[in-house]
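Using the sequences and the accompanying hints, generate a full structural model.
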Amino acid sequence: MTLQPSITVIGIGEDGLDGLDSAAQKRIREARLLVGGKRHLDLISKSSNQSRLIWGADFSSALPRLKEAKPKDRIVILATGDPLWFGVAERLIKELSSKVIEILPNVNAFSLAAARMRWSLSDPMVRTVSVHSRPFSGINSEIFHGHCLLVLSKNKKSPAELAALLSMRGFGKSRMTVLEKMGGLNERQTTGLARDNWDAHRFTNLNVVAIHCEKGKNVEEWSLSPGLPEEAYNHDGKITKSEIRSVTLSALRPMPGETFWDIGSGSGSVSIEWLRLYPSVHAFAFEKDKRQLARIKSNAQKLGVPRLKIIDGNVPGALEKVDANPNKIFIGGGISEPGVIGECINRLVVNGRLVVNAVTIESKHQLLTTWKRYGGDLVNISTAYAGQIGRLNAFRPSMEVTQWRWKKN
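Using this note's numbering, the first residue of the sequence shown is number 54, and each one after it goes up by one.
I should point out that these hints are in silico values taken from the structure, not numbers from a laboratory. Hints may contain errors.
To be verified - Label pairs and their computed distance ranges (CB to CB):
| # | residue 1 | residue 2 | range |
| --- | --- | --- | --- |
| 1 | Leu174 | Ala253 | 27 to 35 Å |
| 2 | Arg169 | Lys79 | 38 to 46 Å |
| 3 | Leu56 | Asp289 | 55 to 63 Å |
| 4 | Phe448 | Arg169 | 54 to 62 Å |
| 5 | Ser333 | Leu116 | 36 to 44 Å |
| 6 | Asp176 | Met221 | 20 to 28 Å |
| 7 | Gly69 | Arg171 | 20 to 28 Å |
Unchecked claim - In silico BS3-like pairs for lysine-lysine, Cα to Cα no more than 30 Å straight-line:
| # | residue 1 | residue 2 |
| --- | --- | --- |
| 8 | Lys152 | Lys79 |
| 9 | Lys226 | Lys291 |
| 10 | Lys152 | Lys125 |
| 11 | Lys210 | Lys270 |
| 12 | Lys147 | Lys294 |
| 13 | Lys210 | Lys226 |
| 14 | Lys268 | Lys207 |
| 15 | Lys147 | Lys417 |
| 16 | Lys417 | Lys294 |
| 17 | Lys210 | Lys91 |
| 18 | Lys355 | Lys417 |
| 19 | Lys343 | Lys294 |
| 20 | Lys123 | Lys79 |
| 21 | Lys234 | Lys79 |
| 22 | Lys374 | Lys268 |
| 23 | Lys362 | Lys294 |
| 24 | Lys147 | Lys120 |
| 25 | Lys417 | Lys460 |
Remember, predicted model here, so these are calculated numbers, not experimental data. Glycine is no exception: its CB is placed at the ideal position from the N, C-alpha and C atoms.
Written out as structure tokens, the structure is:
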């Protein structure tokens, strides 16, 4: 038996009611309550037997009413384009999990923009990004030479902010096209280079920016693969070295959708590179040093992963601040704190992996004891760089790192 929806979410475009199919039009005609932004509601003629609710900047104010919804209330929510593609329906489903929600999508803004630009959305070089209700710095992980970005803006200032970011990154030669009111009678396009003066333009709040990324000479790009050079980070020397970082992440074996804890995070390098691997993974960086906390945040924004959750405090006590148990844990600092390894083992999910690095004699001795107790693999990792000694050359060894790897069965 098909359950009657408590709420129907309808995607609507600039062409309003005329652009909807008969099923969507019927739902709107029969609705007792229409919910949406002012722009959405203005596309529909008012009816005497319908109430209206404007949700403003976000729809938090509408949630109490929506949580009481019943099929007989016939509530319709109007949203832009496809409500499940960077849209309102995703949050509604989470917030109103007990409700039967019907989704009637329309053509989304990315599809319209891609058609105008003649870019194929199936091309892996074409990337869709939203800075609407999301941190602006998240786009940093998508800015690569040759990428074609379709960016759903936050507001009318977004094109100028994007241009400034591209120019700061050395991508001032990138061609930008701002697309507004797509599918309507007043559709408009504005094209130029990122280095141009975009503050001189007046855009509508709803717009998509198409960017063909082109870097300038001698511009450094940071790969998404693990082991970024140390100069990619703001750090005070307390950073897991590039080669060790690569080995560490390999030992952790990241998988899509997993949650990661980075304990004694330092500059945040391991958790940041974990997040850059997959858009679906989660990471928590635990650090007690106030100066390092600021560095972690700065590095996460610079490298395009502002979703990194930063936890201030000493471990193991600070671990209680996070409810979700992790799939993978890395301990790069704080191993000498009593109970840290034991609490991490307790919190780790079944089949999860724990990786611990040690440099000092004392911490290596602790790992030896831990390995004897729990098993797993104990590995010694050494690196050396060639350098000049007088007229000759020799390898200068870095400090050896002992690494314990353990899987919870």
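Now for the hints, and whether the structure bears them out:
1. Between leucine 174 and alanine 253 the beta carbon distance is about 31 Å. The supplied range of 27 to 35 Å therefore holds.
2. Between arginine 169 and lysine 79 the Cβ separation comes to about 31 Å, which falls outside the hinted range of 38 to 46 Å.
3. The hinted window of 55 to 63 Å between leucine 56 and aspartate 289 holds, with their beta carbons roughly 58 Å apart.
4. A hinted range of 54 to 62 Å holds for the C-beta pair phenylalanine 448 and arginine 169, which are about 56 Å apart.
5. Range check, serine 333 to leucine 116: Cβ separation about 26 Å, and the 36 to 44 Å hint is violated.
6. Separated by about 27 Å at the C-beta atoms, aspartate 176 and methionine 221 satisfy the suggested range of 20 to 28 Å.
7. For the hinted restraint 20 to 28 Å between glycine 69 and arginine 171, the CB-CB distance of approximately 26 Å keeps it satisfied.
8. Taking the CA atoms of lysine 152 and lysine 79, the gap is near 21 Å; set against the 30 Å cutoff, the hint holds.
9. A C-alpha spacing of about 36 Å is found between lysine 226 and lysine 291, which places the hinted pair above 30 Å, so the restraint is violated.
10. Proposed proximity of lysine 152 and lysine 125 is supported: the alpha carbons are some 13 Å apart, at most 30 Å.
11. A threshold of 30 Å between alpha carbons decides the hint, and for lysine 210 with lysine 270 the separation of about 28 Å falls inside it, so the pair holds.
12. Restraint check for lysine 147 and lysine 294: not satisfied, since their Cα atoms lie roughly 40 Å apart, outside the 30 Å limit.
13. With a CA separation close to 20 Å, the supplied pair lysine 210 and lysine 226 stays within the 30 Å bound.
14. At roughly 24 Å between alpha-carbon atoms, lysine 268 and lysine 207 fall within 30 Å of each other, so this suggested pair holds.
15. The straight-line distance between the Cα atoms of lysine 147 and lysine 417 is roughly 45 Å, outside the 30 Å bound, and the hint therefore fails.
16. About 18 Å separates the Cα atoms of lysine 417 and lysine 294, which keeps this hinted pair within 30 Å; it holds.
17. With a C-alpha separation of about 19 Å, the suggested pairing of lysine 210 with lysine 91 holds against the 30 Å cut-off.
18. For the hint linking lysine 355 to lysine 417, the alpha-carbon distance of about 33 Å lies beyond 30 Å, and the restraint is violated.
19. At most 30 Å may separate the alpha-carbon atoms for a hinted pair to count; lysine 343 and lysine 294 meet this at roughly 22 Å.
20. Between lysine 123 and lysine 79 the alpha-carbon distance is near 18 Å, which keeps this suggested pair within the 30 Å criterion.
21. Distance restraint check for lysine 234 and lysine 79: the Cα-Cα separation of roughly 25 Å lies within the 30 Å cut-off, and the hinted pair is therefore satisfied.
22. As the CA atoms of lysine 374 and lysine 268 are separated by approximately 42 Å, the hinted pair breaks the 30 Å bound.
23. Using a Cα cut-off of 30 Å, the hinted pair lysine 362 and lysine 294 holds, with the two alpha carbons roughly 22 Å apart.
24. This hinted pair checks out: lysine 147 and lysine 120 have alpha carbons roughly 12 Å apart, not beyond 30 Å.
25. The suggested pairing of lysine 417 with lysine 460 holds, with an alpha-carbon distance near 19 Å, which does not exceed 30 Å.
Consistency with the previously given hints fails for numbers 2, 5, 9, 12, 15, 18 and 22, ordered from lowest to highest.
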